[in-house]
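Visitor: Working from the sequences, and respecting the hints, build out all of it.
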Amino acid sequence: MGSEPAIRAEGIEKDFKNVRALAGIDLEIDRGSVFGLLGPNGAGKTTFVRILSTLLRASRGRAEVAGFDVRREADEVRARIGLTGQFAAVDNDLTGRENLVMFGQLLGIGKTRAKTRADELLDRFGLTGAADRTLRGYSGGMRRRLDLAASLVGEPEIAFLDEPTTGLDPRSRLELWDIVEDLVAQGTTVLLTTQYLEEVDRLADRIGVIDHGRVIALGTPEELKDAVGGRVIAVDVDTGDVDAAVAALDAEGGKVVVDREAGRLNVPTDGAARVADVVRDLDAAGVGINGLELHSPSLDDVFLTLTGTRASDEEGEER
Amino acid sequence: MTTPLMRRHSPLTDVWVLTVRNLKKVTRVPQLLFFSLVQPVIFLTLFSQVFRSIVDTPQFQELYPGISYIQYLVPAVIVTTVSLNASASGIGMATDLQEGVIDRFRSLPMAKYGIPVARSNSDVIRASLQAVFMLLVSMVIFGFRFEGAWWEAILSILIVLPLNWALTWVFIALGTATKNTETTQLAGFMVTLPLMFASSAYVPIDALPSWLQEIASVNPLSYTIDAARALALGLPDATGEIPASLLSSAVLAVIGLVLAVPAWRRTLRQ
Ligand SMILES: Nc1ncnc2c1ncn2[C@@H]1O[C@H](COP(=O)(O)OP(=O)(O)OP(=O)(O)O)[C@@H](O)[C@H]1O
Ligand SMILES: [Mg+2]
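For the record, the sequence lines run as chains A and B. Counted from 1, the first sequence has number 28 at position 28 by the numbering used here; the numbering is strictly sequential. Counted from 1, the second sequence has number 55 at position 55 by the numbering used here; the numbering is strictly sequential.
Hint data in this document are derived by calculation from the structure and do not stem from the laboratory. Virtual Cβ for every residue (Gly too), placed ideally from N, Cα, C. Warning: the hint list may mix true and false statements.
Below, in silico cross-link-like pairs of lysine-lysine (PhoX-like), each with a Cα-Cα straight-line distance of 20 angstroms or less [claimed, not checked]: (1) A:K17 <-> B:K179; (2) B:K179 <-> B:K112; (3) B:K179 <-> B:K25; (4) A:K111 <-> B:K24; (5) A:K115 <-> B:K24.
Reference listing, derived: stretches of chain A covered by chain B, where coverage requires no fewer than 3 residues with Cβ under 8 angstroms from a Cβ of chain B [said to hold, decoys possible]: (6) 73-85; (7) 88-100; (8) 258-269.
Guide: What follows is the structure, encoded as structure tokens:
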């Protein structure tokens with residue numbers, strides 16, 4: 001049982017009336033790891049999470065979660081997962097504490113146990129002060145935290161977090177990252193979806209990039225960056241000099257990615273030696289260099305290379 | 001592999017937990033509670049003035065000799081208000097579906113049919129409290145008095161509950177199918193208004209225009225109104241009205257369940 005993956009999906013497809021949301025997803029996620037599912041709006045992240053958490057039925061394919069079939073053994077799966085959906089699924093007319101106790105009772109842990117568990121979670125999520133207020137008086141960030149707490153009442157083996165930090169301020173986001181790291185330290189498997197590259201970069205052991213209902217890349221953050229190629233030289237020039245700079249650098253052969261507004265050029269390179277070439281070429285063309293740095297490609301570069309669009313730009317589209 | 005914290009538990013626990021939750025929610029919206037209690041007082045005041053002259057018609061004199069209009073009206077207003085408050089079940093269901101809390105329930109290893117059952121239960125409990133409140137108001141403000149035996153008085157109130165229970169299922173079907181609070185509210189009015197007025201509530205059926213008579217005589221509310229009124233006023237053979245009331249409520253319950261169960265199943269199996 002020990003080597004059994006926490007999540008195994010085979011050929012998962014989902015068709016809505018006239019939309020193909022998932023076009024065949026195969027995935028295995030190891031126990032105790034954090035898997036980051038990264039994709040733009042409409043990529044199919046939520047659909048995939050809802051299928052794994054038994055809320056939605058796949059049109060084709062099968063999935064096992066914690067060793068149980070999501071369709072035939074749904075209650076076994078439900079007893080072992082915690083779901084924090086993209087939109088908070090809590091009762092706004094009840095207090096924070098009442099919500100947590102209720103979900104504990106519905107899990108079948110008994111009222112007494114549910115109450116102690118609620119106290120623990122309220123404390124851990126910094127909600128003790130607001131515990132006896134109804135959720136109508138919670139801020140968005142507080143509601144999000146309570147929603148996450150609600151998904152942990154049953155001490156799940158596997159936690160599904162669908163865009164848990166969307167709409168949070170930077171401090172709340174950092175707090176949430178800490179919580180995810182705590183979960184992992186306790187041995188919980190985490191499947192996290194996000195549109196933020198830095199989030200998976202920071203938290204995930206493995207990443208799947210999903211677009212138009214397909215996994216288009218899979219690996220550790222490092223592997224994905226390697227796939228894009230070596231390192232990148234970022235050069236800042238005056239915006240008026242951009243065209244001259246591009247012309248000068250084209251001779252170097254590599255594909256230069258230009259951000260005109262910022263006056264930034266990203267030049268792919270295989271080693272530090274090319275930095276000298278770039279500086280010399282720009283100097284020869286009479287272009288002043290305002291700044292220069294050498295860095296590993298970010299996941300944004302990964303996404304750009306794989307899909308041809310920036311992760312944050314793309315809007316959901318009908319297919 | 002770790003054993004989950006969750007234990008197998010009885011579906012009755014789930015129904016109980018959710019029933020308590022639904023009742024708690026009622027107390028959390030005081031404005032709603034206030035208006036649902038004030039509304040019947042307004043109805044009683046208005047209708048007792050508007051329809052007062054019906055007492056002088058020969059039909060009324062013949063059927064209810066010597067009975068004042070308020071005595072005639074109170075049992076009917078209790079039956080219509082309390083039973084039609086079942087529309088709150090539909091609104092509650094739609095709101096839960098819209099707000100996403102049902103998603104969380106569905107992701108838990110609980111009895112999924114407990115959700116609509118608890119919805120129906122809590123609204124029947126609320127309806128009984130409302131019936132008692134309305135009765136007290138009618139007695140204190142409008143001078144209503146029971147004229148039959150004590151057990152007839154009790155039955156005249158209890159008899160509204162099966163009707164209310166049946167109607168909760170009709171409205172749960174509506175709320176589950178639409179999954180939208182506003183739509184459920186509007187569609188609800190289209191059901192409750194005809195049921196309320198095309199009935200024996202305000203005017204004896206014989207005094208209605210003939211096309212309305214036909215509707216009123218198949219309206220399940222009419223049977224329960226007649227039974228409640230006969231029991232409350234101690235009319236001769238009042239208990240004879242009970243079977244028709246129960247039967248019409250049973251028919252309504254079957255219709256409600258036949259609509260609600262598949263609608264709920266569709267919601268579970270998306
Ligand atoms: N219930 C539904 N009915 C019809 N189409 C749907 C439904 N749910 C999702 N879709 C479609 O399926 C596709 C995938 O949607 P999904 O919500 O899974 O994307 P996502 O990656 O979670 O996007 P986002 O980042 O915006 O949350 C989209 O094109 C969406 O319009
Ligand atoms: Mg989504």
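Visitor: Each hint should be assessed against the structure and marked as holding or not.
Guide: Here's how the hints hold up against the structure:
| no. | hint | in the structure |
| --- | --- | --- |
| 1 | A:K17 <-> B:K179 | holds, 18 angstroms |
| 2 | B:K179 <-> B:K112 | holds, 17 angstroms |
| 3 | B:K179 <-> B:K25 | holds, 19 angstroms |
| 4 | A:K111 <-> B:K24 | holds, 17 angstroms |
| 5 | A:K115 <-> B:K24 | holds, 17 angstroms |
| 6 | 73-85 | holds (count 8) |
| 7 | 88-100 | holds (count 8) |
| 8 | 258-269 | violated (count 0) |
When each numbered hint is compared with the structure, a violation occurs for hint 8 only.
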